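Trainee: Below, each chain spelled out in residue letters.
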Amino acid sequence: DAGITQSPRHKVTETGTPVTLRCHQTENHRYMYWYRQDPGHGLRLIHYSYGVKDTDKGEVSDGYSVSRSKTEDFLLTLESATSSQTSVYFCAISESNRATNEKLFFGSGTQLSVL
Amino acid sequence: SQQGEEDPQALSIQEGENATMNCSYKTSINNLQWYRQNSGRGLVHLILIRSNEREKHSGRLRVTLDTSKKSSSLLITASRAADTASYFCAKEIWQGGSYIPTFGRGTSLIVHP
Numbered sequence: 012d013a014g015i016t017q018s019p020r021h022k023v024t025e026t027g028t029p030v031t032l033r034c035h036q037t038e039n040h041r042y043m044y045w046y047r048q049d050p051g052h053g054l055r056l057i058h059y060s061y062g063v064k065d066t067d068k069g070e071v072s073d074g075y076s077v078s079r080s081k082t083e084d085f086l087l088t089l090e091s092a093t094s095s096q097t098s099v100y101f102c103a104i105s106e107s108n109r110a111t112n113e114k115l116f117f118g119s120g121t122q123l124s125v126l
Numbered sequence: 002s003q004q005g006e007e008d009p010q011a012l013s014i015q016e017g018e019n020a021t022m023n024c025s026y027k028t029s030i031n032n033l034q035w036y037r038q039n040s041g042r043g044l045v046h047l048i049l050i051r052s053n054e055r056e057k058h059s060g061r062l063r064v065t066l067d068t069s070k071k072s073s074s075l076l077i078t079a080s081r082a083a084d085t086a087s088y089f090c091a092k093e094i095w096q097g098g099s100y101i102p103t104f105g106r107g108t109s110l111i112v113h114p
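Chains as they are written, first to last, in the numbering used here: chain A, 12 to 126; chain B, 2 to 114.
Check the hints yourself; a few may be wrong.
20 angstroms max Cα-Cα, derived EDC-like pairs, lysine to aspartate or glutamate [claimed, not checked]:
#1 Lys-71/B - Asp-8/B
#2 Lys-57/B - Glu-113/A
#3 Lys-27/B - Asp-8/B
#4 Lys-22/A - Glu-90/A
#5 Lys-27/B - Asp-65/A
#6 Lys-81/A - Asp-65/A
Chain A regions said to be covered by chain B (calculated; three or more residues, Cβ under 8 angstroms) [to be verified]:
#7 45-52
#8 58-68
Hints in this document: simulated from the structure, not taken from any laboratory.
Here the structure is a predicted model, which is why all the values come from computation and not from measurement.
Glycine residues also receive a C-beta, built at the ideal position from the N, C-alpha and C atoms.
Using the sequences provided together with the hints, build the complete structure.
Mentor: In structure tokens form, the structure reads like this:
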């Protein structure tokens, strides 16, 4: 299995509080992604990174920010959590260049509940 | 918005039967990938088909790509109960200088023993 770890695995928080999810990889892969998975919506891209300090928005980026200060870590922050952000969050990595993409390796997911 | 969808949304078959899932997309893509997700787990890569390929095989899996119809299909032959899972296609779509994998809603497959 690819060396990719998400933490925490489960979190319950209250509306309005900040939350940070961490994705850590040991593969030295260039690309890292954050997706959220909700029933009826499949996986939707929140943000992605193509290198240290290089990030871009995905389809559902509102209310989320990311940071990548090291190759191995990609952080997802909910500045002020809302109930609509209750979801399962998946981190994924891939070794690719901009001309093509190779397969994604996924973490085990973080179940986030915002009450 | 989602770049196309998988269908059917749900598929229920008996062990030994074949399962076919389809994936459509709206804009031009680079490669297309299929993934499997067991309940409560992360996605696992199954197969990648490049935009200049029409068919690809891997064990009991057969993937086709028809760029003129903007569609792909995943065929699982001689299904087993262990194939029960959700299956997703990921279209590589050009965005911001990179090809970004974009997923659909997936097909939930149940294989009855």
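Trainee: All hints, please: hold or fail.
Mentor: Verification of the supplied hints:
| no. | hint | result |
| --- | --- | --- |
| 1 | Lys-71/B - Asp-8/B | holds (14 angstroms) |
| 2 | Lys-57/B - Glu-113/A | holds (16 angstroms) |
| 3 | Lys-27/B - Asp-8/B | holds (15 angstroms) |
| 4 | Lys-22/A - Glu-90/A | holds (15 angstroms) |
| 5 | Lys-27/B - Asp-65/A | violated (28 angstroms) |
| 6 | Lys-81/A - Asp-65/A | holds (11 angstroms) |
| 7 | 45-52 | holds (count 3) |
| 8 | 58-68 | holds (count 3) |
Going through the hint list in order, the structure does not satisfy hint 5, though it satisfies all others.
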